[in-house]
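Participant: Each chain, letter by letter, is given below.
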Amino acid sequence: MSITSFPFLLFFAVTLGVYYILPLRFRWSALLVSSLLFFHFSAADYTIIYAAGAVLVTTLCTRGITKAEETGAGKKARLWLILGLAVNLGILATLKYSGFVIGNVNFAAGLAGSGLRLPQPDLLAPLGVSFYTMSVAGYLLDVYWGICPAQTDIFKTALFVGYWPQLTSGPITRYNEVRDQLYEGHRFDPRQVSFGMQRMLWGIFKKLVISARLGVVVDTIYADTVTYNGFYIWVAAVSFLFQLYTDFSGCMDIILGASECYGIRLPENFRTPFFSRSVQEYWQRWHMTLGAWLKDYILYPVLRSGAWRSLTRWTRAHLGKKAAKQVPSILGMLCVWLLMGLWHGGTWGYIIGWGLWFWLCIASAQVLDPVFKKAIRLLRINTECFSWHLFQSLRVFVLAAIGNMFFRLRGFMETLHVIRAGLFPDNPEIFFDGSLFSLGLDAPDFIAMVVSLLVLLAVSVLQERGSVREQIEKQNLVFRWVVWYALIFGILIFGMYGPGYDAADFIYRGF
Amino acid sequence: MNREEIFEKLTSIFRDVFDDDTIEIAEDTTAADIEDWDSLTHIMLLSAVEDGFGIRFDMKAVQGLKDVGAMADLIAGQPAR
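Keeping their order, the protein sequence lines are chains B and C. Numbering of the first sequence is given in the numbering used here, commencing with residue 67 and proceeding in unit increments. Numbering of the second sequence is given in the numbering used here, commencing with residue 9 and proceeding in unit increments.
The hints are all genuine.
Pulled a few chain C residues facing chain B out of the computed Cβ check, cut under 7 angstroms:
| # | residue |
| --- | --- |
| 1 | S47 |
| 2 | L48 |
| 3 | I51 |
| 4 | M67 |
| 5 | K68 |
In short, the hints are calculated from the structure, not lab data. Everything numeric in this text was worked out from a predicted model, so none of it was measured. Ideal Cβ placement from N, Cα and C applies to all residues, glycine included.
Take these sequences, add in the hints, and give me the full structure.
Facilitator: Okay, structure coming up:
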């Protein structure tokens, strides 16, 4: 069940109605039943066994950790933690990466001249496995570290793991952030429900009006890079970055808006990332819950580990103080970025191309920082003005667009081949002779796409100043209704949906 | 070690980590007050503080740190390794 489809809207309306009809203390149970229904409508029923396994093991292990810590049995608590992490991450690894591992084993065997050919498994992963596994692993670690208490009710743990809005594409939640909200039950608040629905509308607009159109352009160009080379490649790269943003952040708007209607505020995943002035900042504003998860549960423990401390001491003794500050942190970030690539998919395109690319951007910015600062001083560049900020944001945008070519094309060598096709563009005429209208969208559709991107830009500028919905709320009645009706009719008239379109699925739903 | 001595030692660690001999810290100093204090430097700072005072913070304490005063509280309450 796609979250931009009519059946979904019906499902949402019915479950929301039931949620508010039930007494407060039963409302969390309504969410659990809704989540089971959502799972049933959206995925193969048998795959729920993996999610149920995760719930059972997590409940047992967090109870085990708590009991062991209460009796001062630190080693036992550690064993419960390792068991919980091993089972949950093991399920994820088996479902998502066994194909990758077997493919590489077969490739290596082929190189070695061996006739070994392991069969590729045909495993169907449950909905949202990559997202809820991260939430569960963080929860296990938080209980172990004493950051949050263990949930003893298995059904409440099941709701934390399987709360339906986060099953499509996240966000990755922290137990501490959502536990009270999920279980306490919320009173009906018309303003909150209306705000939630407004946000859902904006998400549907982003997805069906903007992202779907950009997807047509991207697919047309990448389907034939022999014909569409030079500047076309860069049109596709930029279009894909906007497509991915409007698709993923649109999905988040629908999910967070729906959750807001229940009175549950899930963590934000985007904060106008294209206004970032460095790649590092971009990753603090794009898929924020994944970045924060990797920082807290991978980067921090790695950098504080004995091995990294030894590395720091060794670097200080042999390479000096400056290197001792940079080398360990850059290597720590390498671990994070390779994992970031792996999380997104079991292909070398993701791991080396995408992960390594962003790591290279961030690490080189750190290493070359003194050189850049010196150049800025020598050239007397004013760094506190709009034009410099614009240049910085455009630089980040281009680097992100290149990195996301590895994301879209997936194959490492294929992406390098496509980048080569656009390396020395000699066809600037495509921007003036109407060639852009031959990329699957006719002139009116193309103009609709450009206008809606301008609307997106305007909303993003307003978002930098605070909640857009609150800003609209302060306006007069007529203006408010004009805005919301324009959005509704914008979706109905310009949305690409229904038979003949395949825009309903979300890019991040595959993870 | 009294609070004054803790702050004296912390100041020297801060100056070393941020490579800035002019840094002055107070109870309410936060990451917003020091230009290069990002999430990465934060962890390097904590490691330097742990090494400097011969202590080990647990993750709960690390995530709950609000300002330098809280860090000093934590140091004062930690048994030496």
